Structure formats: structure tokens, C-alpha cells
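J.: One-letter residues, chain by chain:
Number of protein chains: 2
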Amino acid sequence: MPNSKSVTRITVPLGERTYPILIGDDLLKETGRLAKEHGIPRSCVVITDTNVAPLYLPAVIKSLQRHGFEASSIVIPAGEVQKSLRRAEKIYTQLLRRRAGRRTAIIALGGGVVGDLAGFIAATYQRGLPFVQVPTTLLSQVDSSVGGKVGINHPLGKNMIGAFHQPLFVLADISTLQTLPEREIVCGLGEVVKYGVILDAAFFSRLQGGIQAALRHDTKTLRRFVAECCTMKSFVVSRDEREDGLRSILNFGHTIGHALEKAGGYRSLKHGEAVLWGMLAETMISRRVGLIDREQEFRIYDLIRSVPLPEVPRSSSAQLLRTMRNDKKSTDAQIRFILPRSIGTVTLPTVVEEKLISRVLRDLSWSY
Amino acid sequence: MPNSKSVTRITVPLGERTYPILIGDDLLKETGRLAKEHGIPRSCVVITDTNVAPLYLPAVIKSLQRHGFEASSIVIPAGEVQKSLRRAEKIYTQLLRRRAGRRTAIIALGGGVVGDLAGFIAATYQRGLPFVQVPTTLLSQVDSSVGGKVGINHPLGKNMIGAFHQPLFVLADISTLQTLPEREIVCGLGEVVKYGVILDAAFFSRLQGGIQAALRHDTKTLRRFVAECCTMKSFVVSRDEREDGLRSILNFGHTIGHALEKAGGYRSLKHGEAVLWGMLAETMISRRVGLIDREQEFRIYDLIRSVPLPEVPRSSSAQLLRTMRNDKKSTDAQIRFILPRSIGTVTLPTVVEEKLISRVLRDLSWSY
Numbered sequence: 000m001p002n003s004k005s006v007t008r009i010t011v012p013l014g015e016r017t018y019p020i021l022i023g024d025d026l027l028k029e030t031g032r033l034a035k036e037h038g039i040p041r042s043c044v045v046i047t048d049t050n051v052a053p054l055y056l057p058a059v060i061k062s063l064q065r066h067g068f069e070a071s072s073i074v075i076p077a078g079e080v081q082k083s084l085r086r087a088e089k090i091y092t093q094l095l096r097r098r099a100g101r102r103t104a105i106i107a108l109g110g111g112v113v114g115d116l117a118g119f120i121a122a123t124y125q126r127g128l129p130f131v132q133v134p135t136t137l138l139s140q141v142d143s144s145v146g147g148k149v150g151i152n153h154p155l156g157k158n159m160i161g162a163f164h165q166p167l168f169v170l171a172d173i174s175t176l177q178t179l180p181e182r183e184i185v186c187g188l189g190e191v192v193k194y195g196v197i198l199d200a201a202f203f204s205r206l207q208g209g210i211q212a213a214l215r216h217d218t219k220t221l222r223r224f225v226a227e228c229c230t231m232k233s234f235v236v237s238r239d240e241r242e243d244g245l246r247s248i249l250n251f252g253h254t255i256g257h258a259l260e261k262a263g264g265y266r267s268l269k270h271g272e273a274v275l276w277g278m279l280a281e282t283m284i285s286r287r288v289g290l291i292d293r294e295q296e297f298r299i300y301d302l303i304r305s306v307p308l309p310e311v312p313r314s315s316s317a318q319l320l321r322t323m324r325n326d327k328k329s330t331d332a333q334i335r336f337i338l339p340r341s342i343g344t345v346t347l348p349t350v351v352e353e354k355l356i357s358r359v360l361r362d363l364s365w366s367y
Numbered sequence: 000m001p002n003s004k005s006v007t008r009i010t011v012p013l014g015e016r017t018y019p020i021l022i023g024d025d026l027l028k029e030t031g032r033l034a035k036e037h038g039i040p041r042s043c044v045v046i047t048d049t050n051v052a053p054l055y056l057p058a059v060i061k062s063l064q065r066h067g068f069e070a071s072s073i074v075i076p077a078g079e080v081q082k083s084l085r086r087a088e089k090i091y092t093q094l095l096r097r098r099a100g101r102r103t104a105i106i107a108l109g110g111g112v113v114g115d116l117a118g119f120i121a122a123t124y125q126r127g128l129p130f131v132q133v134p135t136t137l138l139s140q141v142d143s144s145v146g147g148k149v150g151i152n153h154p155l156g157k158n159m160i161g162a163f164h165q166p167l168f169v170l171a172d173i174s175t176l177q178t179l180p181e182r183e184i185v186c187g188l189g190e191v192v193k194y195g196v197i198l199d200a201a202f203f204s205r206l207q208g209g210i211q212a213a214l215r216h217d218t219k220t221l222r223r224f225v226a227e228c229c230t231m232k233s234f235v236v237s238r239d240e241r242e243d244g245l246r247s248i249l250n251f252g253h254t255i256g257h258a259l260e261k262a263g264g265y266r267s268l269k270h271g272e273a274v275l276w277g278m279l280a281e282t283m284i285s286r287r288v289g290l291i292d293r294e295q296e297f298r299i300y301d302l303i304r305s306v307p308l309p310e311v312p313r314s315s316s317a318q319l320l321r322t323m324r325n326d327k328k329s330t331d332a333q334i335r336f337i338l339p340r341s342i343g344t345v346t347l348p349t350v351v352e353e354k355l356i357s358r359v360l361r362d363l364s365w366s367y
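Protein sequence lines, in the order shown, are assigned to chains A and B. Heads up, the first sequence is in numbering that gives the first Met the number 0, so the first residue is 0 and it goes up one at a time. Heads up, the second sequence is in numbering that gives the first Met the number 0, so the first residue is 0 and it goes up one at a time.
Hint data in this document are derived by calculation from the structure and do not stem from the laboratory. This one's a predicted model, so the numbers in the text were calculated from it and none came from an experiment. Please note that a few of the clues may not be correct.
One copy or two, it doesn't matter: identical chains are merged, so the pair holds either way.
[Claimed, not checked] Below are the SDA-like pairs computed for lysine to any residue, each with C-alpha atoms no more than 25 Å apart in a straight line:
(1) Lys219 with Thr10
(2) Lys89 with Gln318
(3) Lys89 with Leu155
(4) Lys28 with His216
(5) Lys354 with Gln333
(6) Lys28 with Arg96
(7) Lys354 with Arg98
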């Protein structure tokens with residue numbers, strides 16, 4: 000009992016914006032108590048989606064009300080297309096109709112889409128509201144709920160409109176991962192593998208077994224993944240909150256990943272799946288420019304291929320390159336990558352010739 | 000010559016976000032040099048409107064190019080209606096089409112509308128771009144270009160969507176005020192009078208003569224107003240960047256002002272005109288709740304009535320009250336005001352009974 004009740008607390012040290020990540024089992028019903036402890040204003044709006052609401056919204060609202068909060072909710076349709084200016088505008092209108100003022104907290108209950116969108120609302124409604132992240136997917140628990148990046152998509156590019164808006168706390172209830180379909184676990188594993196490659200060879204070495212356990216929803220493994228990844232993300236974000244340097248290493252796999260995700264219309268590949276393919280391709284690039292050796296390349300290859308993945312969407316390399324040039328990580332027309340030097344160490348953004356990228360993209364589509 | 004060439008420099012001390020306000024005559028042609036001195040990235044986009052572009056855009060672009068900047072521009076139609084999500088979306092699209100990346104600076108050239116809108120774009124495009132304010136109206140030079148408040152309007156309320164995003168520097172060229180129509184000078188005077196009432200009785204005492212000189216476009220007076228108001232605003236903003244306390248005193252006149260502005264469809268009263276009416280009404284409220292004495296009330300009355308003002312738009316007090324209840328300065332259903340205790344000292348936000356507000360609003364429409 001002390002073990003299952005225990006809460007792991009990881010601090011993200013950001014000066015006056017310092018906040019904790021609380022990780023544990025069956026934590027949702029503690030939302031109200033924790034919100035009170037963290038000084039959340041009495042009035043709060045839970046933003047969630049149609050997948051998550053039937054499963055977890057009642058417990059969260061009940062817990063908030065039990066602790067004296069005036070809690071209401073906004074439920075949006077599920078899916079990446081909701082991360083739009085259109086949806087944001089509707090939510091602004093709902094908040095205004097409810098007379099939400101500056102002392103209203105926004106609580107994001109859901110996966111990455113809900114967290115990014117609700118966080119953008121919290122960053123911009125009346126110039127900023129207190130914000131809480133309650134991630135309910137592996138992807139959002141290991142990665143997107145931590146670090147304050149919030150935003151929405153533009154038809155011409157993902158996350159092109161956004162802000163940095165740190166939460167007051169993050170509540171990661173591991174029990175919510177039990178209801179996730181396999182594809183959602185896979186998405187989270189994309190970021191888990193990323194942390195191994197960019198920062199921690201020992202963690203990477205333990206992943207082979209861990210991945211299979213995570214795919215079986217093994218609670219202990221999932222909890223360990225969340226705690227270890229949040230610790231690494233906190234380390235990076237606290238040293239470079241606004242991605243002026245070090246933080247860019249978190250983009251490993253994301254340059255090609257974003258392009259593939261877009262090529263599949265944000266449907267045939269989910270974000271984490273696209274990142275897995277992206278990491279594979281970017282490791283191949285690293286090998287061809289002579290940074291990583293063949294043995295380590297194979298280890299990354301083997302680990303990624305042990306995760307069930309849909310095929311790479313069909314798209315010309317010219318089209319993919321165009322998307323990459325427009326990526327906001329590109330500061331000019333040149334395409335840059337975070338490239339692994341070895342497992343656990345990566346470069347800062349490095350320009351790579353387009354011809355070489357093209358060759359790797361072509362190999363990617365027929366080698367698997 | 001040393002006098003007309005001299006630049007007044009006022010610092011806004013905000014830790015790592017500290018920046019200078021540079022005030023002088025004929026400064027626009029120095030934009031490029033100053034941008035270079037302040038480390039603005041080589042690529043920049045000037046956002047301006049159809050009123051300002053023919054007058055000042057060529058000089059600014061030329062100066063930027065002469066100093067090695069890649070400068071392009073986005074010209075929007077003039078007017079408050081442009082402070083919309085619709086317009087913001089169009090600008091995001093234009094920036095994406097031009098492949099503007101994170102190392103693109105946004106330069107706002109124009110009045111409050113351009114500054115607020117361009118600032119909102121700078122705050123949210125790709126999670127934040129470097130930003131420069133080049134205000135060309137009295138209102139924006141004395142007030143809105145300083146302090147980092149940026150935002151756009153929602154059909155249900157002004158400035159409801161926004162952020163705090165400090166500029167890297169503010170360049171206030173007093174010469175640009177020479178082309179302003181009288182109504183625009185009046186708008187700036189609204190904020191000038193506000194600074195006298197909320198913070199500085201001595202400054203207030205000198206205003207009677209100064210207002211007439213400003214209406215004649217007297218350069219020395221205008222420059223003094225800009226420098227003194229920026230000094231006061233810097234004082235307030237540096238003590239309370241995000242309006243958690245002291246900064247709220249800058250809202251004197253704005254609770255009723257915003258409601259009147261909205262009642263007039265943002266056309267029959269301009270912002271500064273509405274603030275002048277708002278300050279008059281809020282001073283009357285202060286008198287009725289027994290805070291300010293009759294003599295000081297009359298002095299404020301006389302000063303405001305020495306400024307040429309359009310009539311108060313016809314609107315029911317019930318409608319005006321409804322708008323005020325939805326104001327983002329209202330933290331619950333209650334309406335709060337910054338009330339002058341005497342010239343130079345005001346309260347923090349103070350709840351006032353709606354019946355009393357109604358009576359003052361009715362008096363306002365038939366006493367003048």
C-alpha cells in the first residue's frame with residue numbers, strides 16, 4: 000500500500016516559474032486537494048476531449064468540487080485538427096460567455112492535443128491564466144506536458160502559433176494509461192526512445208525489455224518511463240527554457256518526423272510514430288555524414304523496429320524537403336538536424352545537404 | 000543642433016527583459032543604426048497600416064537596408080477592427096509564405112492598433128519573435144508602446160486575447176506627431192491626463208497650458224509629455240510587469256472608457272476620447288463615494304473639458320454595466336474602479352455599487 004499510494008515528485012526549477020511534476024497511481028481523484036495545495040484560483044475550467052471526458056472528467060470535476068472549487072468543463076472533439084485557430088476562437092467565446100476572468104485557472108485533461116491547445120488558451124486569454132496539466136497519455140506524460148511549450152497548428156505548418164506558458168503543476172496519473180490503445184503507447188515510446196538516444200545510454204540499454212512491458216501496459220514500467228523521462232526533460236528545460244541552445248536536442252527525430260506526419264495528413268502517422276520514423280531516418284543521416292558508427296546505428300535501428308509502426312506515408316522527397324525548409328526549427332532556408340554521435344550524445348542543430356537527406360528519405364520508404 | 004539631435008533615453012528595468020525607450024526628433028531615419036545597436040536579427044518584417052505606410056515606411060525600410068537588414072513589410076488596412084483574430088491569421092500566413100523563422104524581428108510602425116496587433120503576432124508566431132515598437136501617434140508614444148501589453152479584440156470584448164511581450168527597444172520619433180490630425184492628439188492627451196491624475200500632481204498642474212500647446216503640435220511640449228509619461232509608465236511597469244497589483248492604476252478611466260468605446264462601435268469615440276470621458280465619470284464616482292473633494296473634482300473636470308471631445312454615445316446604463324461586468328479587469332461579477340483620492344493619488348481596484356454607477360452614467364450623458 001505505501002508503494003501504490005506513493006507519489007513521485009520531480010521539480011522543474013525555473014526560478015519564479017518553478018513547478019512540480021507529480022507522478023502516481025490513481026491520482027486523478029486527488030486533483031482537488033493538489034489544486035488547493037498549489038494555490039489554484041477557486042474558479043477553474045477543465046478543457047478535455049470527447050475521448051477522455053467519459054473516462055476521467057467526472058472524477059476530476061468531483062474532486063475539484065469536493066475541495067471547494069467552482070469547476071466547469073469544455074469538451075472538444077478529439078483529434079489533431081482541433082489544434083486550430085478556429086477551435087481556439089470557439090473556446091475564447093465560451094470562456095467569455097461564462098465570464099471567465101483573469102483569476103480562472105485552465106486545467107488541461109488529456110493528451111498532447113488537449114495540453115497544447117488548452118495551454119495556448121491559458122497563455123493568451125486575457126493575457127494569461129493560471130494553468131495545470133493533467134496528461135492522460137504516455138506521450139503527454141513523458142514529454143509534452145512538461146516544459147511550457149503550448150500552441151496550435153496553421154494550415155502551413157504544425158505548432159506555428161504558440162507561446163511558452165509554464166503550468167503551476169503537472170499531475171501524471173499512471174492509471175489513466177491502462178485505457179490507452181496500443182498505438183497511443185507506441186506514440187509515447189517514440190519520445191521515450193528519444194530520451195535514451197539524446198541523453199542516457201544506460202537508460203537506452205534497459206529499453207529493449209521495457210518497451211515490450213510498456214506495450215503490455217505494465218504499470219511499473221510505465222511509471223519508471225514517465226519518471227525518468229520527466230527528470231531528463233526537466234534537466235534540459237531548466238537549462239534552456241526558451242530553446243536558445245541545449246533544448247533544441249529535444250527535436251531529435253522531429254525535423255523528418257514533422258514532415259512525415261504532415262505528408263500523412265496528420266492521420267496515417269500519429270506524432271510519436273512519425274518521430275520514431277524520423278529518428279530512424281536522422282540516425283541514418285548521422286551514419287552517412289560519418290558521426291555515428293555502424294554498431295550504434297544498428298542498435299537504434301533494432302530498438303525502433305521492435306515497436307509496431309505503420310508504414311511511412313508515400314510522399315516525394317521534394318515535398319518532404321519543402322516542409323522541412325518551412326519548419327520553424329529552420330532559421331533560414333537550410334535544414335538542420337540533431338544528429339546522434341553515439342547513443343546518449345547528440346549534436347546541436349547541424350546543417351545537412353539536401354541531396355543526402357533525399358537519399359535517406361528514399362531509402363526509408365523501401366528499406367522497410 | 001545638439002538639442003534637436005539629442006535623444007532622450009528612458010530605461011524600463013525588467014531584469015533580463017530590460018529595454019530602452021529612445022525619444023527624439025527625426026529619429027526614424029536612425030531605425031537601422033539603432034536596430035543594429037540593439038542586436039535585432041538581420042531579417043525583419045515591418046508591420047504598419049495604410050495611413051502610416053505612405054508617410055514613414057520608405058524611410059524606415061531604407062534605413063534598415065542601409066544597415067544591412069533584410070527588411071520587408073506587411074501593410075494592413077487602418078482601424079481598430081483590424082485588431083482581430085482574422086487579421087492575425089492573415090499575417091501568420093504571410094509570414095509563413097515568406098518563410099519567416101524564429102530569427103525574424105517584428106517591427107511595429109504606427110499607432111496603438113498596429114503596436115498591439117504586431118506585438119501579438121510577435122508574441123505568438125513560432126512561440127515568440129524579437130519585437131521593436133516604433134510608435135507614430137501620441138497615444139502610442141506616451142502609453143501603449145511601453146510595458147509589453149499586446150493583444151487583439153474578440154467580438155465580445157476588447158483586448159481579450161493577448162500576452163505580455165516586451166520589445167527590445169521603443170523608438171519614439173516626435174516628428175511623426177506633426178502629421179497627426181487633432182483627434183489623434185486628443186487621444187494621446189487622454190493618457191497624458193491620466194498620468195497626472197494617478198501619479199503626479201505637479202505634472203497635472205502644468206497640463207492646462209501644455210494641452211493647448213500640444214493641440215497646436217508644439218514639438219517641445221509633445222516631447223516633454225512623451226518623456227514624462229514614459230518615465231511614469233516605466234516606474235509602474237517595472238514594479239508590476241504583469242498587473243498583479245500596482246499596474247492596475249493605469250486602468251483609471253478605462254473601465255467606463257472601454258464600455259463607452261464599445262457602445263460607440265469603436266467608431267464614434269476613439270480609445271483616448273473614451274478614456275477622457277471615462278476619467279470624468281470615474282472622478283464623479285469617486286466624489287459620490289466620498290473619496291475626492293469637490294475642488295479637486297472640478298480641477299479634473301475643467302482640464303478634461305478643455306480638450307475637444309465628441310459627445311458620449313447614446314447607450315443604456317444597463318448595457319454599459321453589462322459590458323463592464325465582462326471586462327477582463329473584473330475578476331468576478333463585481334465592477335471595480337481605480338478612483339482618485341486626490342490629484343496624484345488613486346486607489347487600487349475598488350468595488351462600486353451598480354446603482355451608483357448607473358446614476359453617474361445617466362448624469363454623464365445629460366450634463367455635457
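J.: The structure should be examined with respect to each hint, and the outcome stated for every one.
T.: Right, here's what the structure says about each hint:
1. Lys219 with Thr10: within (21 Å within a copy, 54 Å between copies)
2. Lys89 with Gln318: between (33 Å within a copy, 24 Å between copies)
3. Lys89 with Leu155: both (21 Å within a copy, 12 Å between copies)
4. Lys28 with His216: within (21 Å within a copy, 65 Å between copies)
5. Lys354 with Gln333: within (12 Å within a copy, 64 Å between copies)
6. Lys28 with Arg96: Close neither inside one copy (28 Å) nor across copies (47 Å); limit 25 Å.
7. Lys354 with Arg98: between (55 Å within a copy, 21 Å between copies)
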